[in-house]
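Student: Single-letter residue listing:
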Amino acid sequence: MSFKRNILILFGLLLVVSCTHENVKSSKQDIKKNEIQYAENLEIIHERGNVLIHIKSPENHQIEKKYCIQNKTNSIIPSGYILLKSPVRSIIALSSTHIGMLSKLKSENLVTGISNHLYVHNPLVLNKYRKGKVVEMGEEGTIPVESIVASKADVLIYSGFGKSFPHEDQLERLGTICLVNYDWREVHPLGNAEWIKLFGVLIGKEKQANLYFNKIKKEYLKLKKIASKSKIKPTLFSGNLVGDIWYSPAGESYNSILFKDAKTDYMYSSSKGTGSVEHSFEEILKDNIKTEFWFNPGFSSMSQMLKAQSKYVHFESVKNNKVYSYNFSGNEFWEKSAIEPQHVLSDLIQILHPELKLKNKLHFYRKLNK
Amino acid sequence: MIQTKSKLVLYLLLILVPIVSVFHLFSGEISIDFSDFYRALFDFDKTNTNQIIFREFRIPRLLMGIIAGSGLSIAGLLMQTMFNNPLAGPYILGINSGSSLFVAFSIMSGIPFFISDFGTISSALIGAFIFGLIILAFSYIVKSHVSLLLIGIMLGSFTSAFVSILQSMSNPSELKLFTMWGMGSLQQVTLTQIPIILVFFILGIISCIFVIKPLNVLVLGENQAMMLGIHLKYVRLILISITAILTGLITAFCGPIAFVGLAVPNMVKLLLKTQSHGFLMVGCLLVGSLFLLVCDILIQLLETSVHIPINALTSLIGAPFVILIVLKRLA
Chain A
10 MSFKRNILIL FGLLLVVSCT HENVKSSKQD IKKNEIQYAE NLEIIHERGN
60 VLIHIKSPEN HQIEKKYCIQ NKTNSIIPSG YILLKSPVRS IIALSSTHIG
110 MLSKLKSENL VTGISNHLYV HNPLVLNKYR KGKVVEMGEE GTIPVESIVA
160 SKADVLIYSG FGKSFPHEDQ LERLGTICLV NYDWREVHPL GNAEWIKLFG
210 VLIGKEKQAN LYFNKIKKEY LKLKKIASKS KIKPTLFSGN LVGDIWYSPA
260 GESYNSILFK DAKTDYMYSS SKGTGSVEHS FEEILKDNIK TEFWFNPGFS
310 SMSQMLKAQS KYVHFESVKN NKVYSYNFSG NEFWEKSAIE PQHVLSDLIQ
360 ILHPELKLKN KLHFYRKLNK
Chain B
273 MIQTKSKLVL YLLLILVPIV SVFHLFSGEI SIDFSDFYRA LFDFDKTNTN
323 QIIFREFRIP RLLMGIIAGS GLSIAGLLMQ TMFNNPLAGP YILGINSGSS
373 LFVAFSIMSG IPFFISDFGT ISSALIGAFI FGLIILAFSY IVKSHVSLLL
423 IGIMLGSFTS AFVSILQSMS NPSELKLFTM WGMGSLQQVT LTQIPIILVF
473 FILGIISCIF VIKPLNVLVL GENQAMMLGI HLKYVRLILI SITAILTGLI
523 TAFCGPIAFV GLAVPNMVKL LLKTQSHGFL MVGCLLVGSL FLLVCDILIQ
573 LLETSVHIPI NALTSLIGAP FVILIVLKRL A
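Chains as they are written, first to last, in our numbering: chain A, 10 to 379; chain B, 273 to 603.
Source of the hints: derived by calculation from the structure; they are not laboratory data. Wrong hints could be hidden among the right ones.
Derived SDA-like pairs: lysine to any residue, alpha-carbon spacing no greater than 20 Å straight-line [claimed, not checked]:
1) A/K299 / B/R327
2) A/K379 / B/F385
3) A/K316 / B/I466
4) B/K318 / A/N118
5) B/K318 / A/S319
6) A/K316 / B/N443
7) A/K295 / B/F377
Partial chain B-side listing against chain A, Cβ under 8 Å, derived [unchecked claim]:
8) E301
9) I325
10) L449
11) P581
Chain A regions said to be covered by chain B (calculated; three or more residues, Cβ under 8 Å) [to be verified]:
12) 247-254
13) 363-370
Values in this document were obtained by computation on a predicted structure and should not be read as measured data. Using N, Cα and C, we set each Cβ at its ideal position, and we do this for glycine too.
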């Protein structure tokens, strides 16, 4: 009796173990792992042979758009998801940052449409444009639907300035998926760069995208640590006048984080918000007449800047020639800075902390010539 | 002749302008005391922020407010009398647009001479003059007041379209310079630019003295004026030239400012109730200055909560006033 009972118990245990094993196996398949670390508006989840992409609204961080890439042909597409066929073979990239990200994955050859060639730096894309293999579409929101249809692009990536792409549903039915890219709304520089992972899953280069991101993350954090060791905190202000209003990066913004990571005393670091703060010119002068450095004046030469507003001459930073700008090659900056935040940080540290003797070359920023 | 009541109004305006000017000087976001004001004028310390703000920011801004307000109002008065149309003005007739178009050409050409102050002023003056001549030519063909205004509006639309094309073709730095200029501002002007602005402004105002008599006669109608020995062709050319100088000058330094030239002369006519252009001009000088200074004070007072460009505020106030005039005429 006891033997029989033991056998039964053993059988029961085996059954439980085997069932548990099955559960473990199936839950491993079900694992929902968001691969994103810094980007607040993007989720990439691997689930049951699918890659689920969630684009979140930058306003409330609620999921706004859901896309699904099938890694296995027989996987079930969850309801509410738009199917994306990967690897994508042709892309309309309406922002220069998109071209920058694709170029890091050596895939800028996939670009078949751009908004305006005047804002493109990438030589390969420009060359293709000159040969007529890349089409100029125009500004987001003004692009004729028929041009998009004629381009036969698999995906159109747009910046979504507060609204969906016009005729998004019709275009989807005609074979072009419109994918919104909120990289520009990311607050952390690494969050901005992390959107390369979206391009990675789109073009079938996920591993390369992850490798690249991990590499730049390591470099960025290393540079931040180096800067933190400095005993000085140079003062700086940023931005310029537009009409009568001076726009400076707000305290929780992308630029403010860069300034903080470069260990600087940014004048408006305590201001609220992730966008910009507005001031009158008088206020800016009062606050910054003695500030040591001025970044991002929006011009590439001192004469041009003073032509736009000769009263800038009162700033100590202008008198001491400590004004720095990325506008020497604006297109290059916009194309690469989002995906090379470590180089932006490196430039800032190099300029603001000469005592750290970084000895890196300047990638984007230059001093404005007198 | 002007009534005693109207004279009193003029005296009152004459007292108001300096009072509002002082208020304007002290209405910025940063509070500056009288001692800094005194030192900024007579014992300037280049290292004192408050004094710099006073001398380099507020004084040029005040002077430009007075010049722009009065200059545009006078230009509007000239246009209204010349075309015998109370709804005429440099902005609505497309004369400002002419200036804008030529400034756009000069800035976006990238040629250093045209980007200089002198180049910008020259372009604005030439643009205003050419567009003044165009509208004058149309006035010979089109007799209806409304049609002429429509042609002016169309000229404005035409130039806007042309400027948009130029913008799409220009490089980002030139585009930025033009965009900054086009936003319109009284604080672009520096103290060193004031003398050259004053020279052109005084030239324009002095020229007005010589056309007072023809303007008074023109009110009676073109035929009457010709019978009284007015050489219409020359008078019109002089009026267009003065308007071009005043409008071009102000547009070059402040960007386009709408409705001042249209609304203020009508306000002055309502206040003074006279057709004597000598008095109307003095009225335009005073009311125009007051109008733009009050607008600028409002902008500065609201600055902590909302930033309004000068062009937007003058339109907000001027446009309803123009609608009122139209309704009054219909009634």
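Student: Hint by hint, say whether it matches the structure.
Tutor: Hints, verified against the model:
Restraint check for A/K299 and B/R327: satisfied, since their Cα atoms lie roughly 18 Å apart, inside the 20 Å limit. Proposed proximity of A/K379 and B/F385 is supported: the alpha carbons are some 19 Å apart, at most 20 Å. As the CA atoms of A/K316 and B/I466 are separated by approximately 16 Å, the hinted pair is consistent with the 20 Å bound. Distance check on the hinted pair: B/K318 and A/N118 sit about 57 Å apart at the alpha-carbon level, beyond 20 Å; violated.
Note on B/K318 and A/S319: the hinted pairing holds, with a Cα-Cα distance of about 15 Å set against a maximum of 20 Å. Annotation: proposed proximity of A/K316 to B/N443 holds, straight-line Cα distance about 17 Å (limit 20 Å). A threshold of 20 Å between alpha carbons decides the hint, and for A/K295 with B/F377 the separation of about 36 Å lies outside it, so the pair is violated. At about 5 Å, the closest approach between the beta carbon of B/E301 and any beta carbon in chain A falls short of 8 Å, and the interface hint on this residue holds.
Interface restraint check: B/I325 against chain A, minimum CB-CB distance 5 Å, threshold 8 Å, status holds. A cut of 8 Å between beta carbons decides the hint on B/L449: the least distance to chain A is about 6 Å, and the hint holds. About 5 Å separates the beta-carbon of B/P581 from the nearest beta-carbon of chain A, less than 8 Å, and the hint is met. With a threshold of 8 Å between beta carbons, the proposed coverage of the stretch 247-254 of chain A by chain B holds, since 5 of its residues qualify and at least three are required.
Coverage of the stretch 363-370 of chain A by chain B is violated. Counting CB-CB distances below 8 Å, 0 residues qualify, and the rule asks for three or more.
When each numbered hint is compared with the structure, violations occur for hints 4, 7 and 13.
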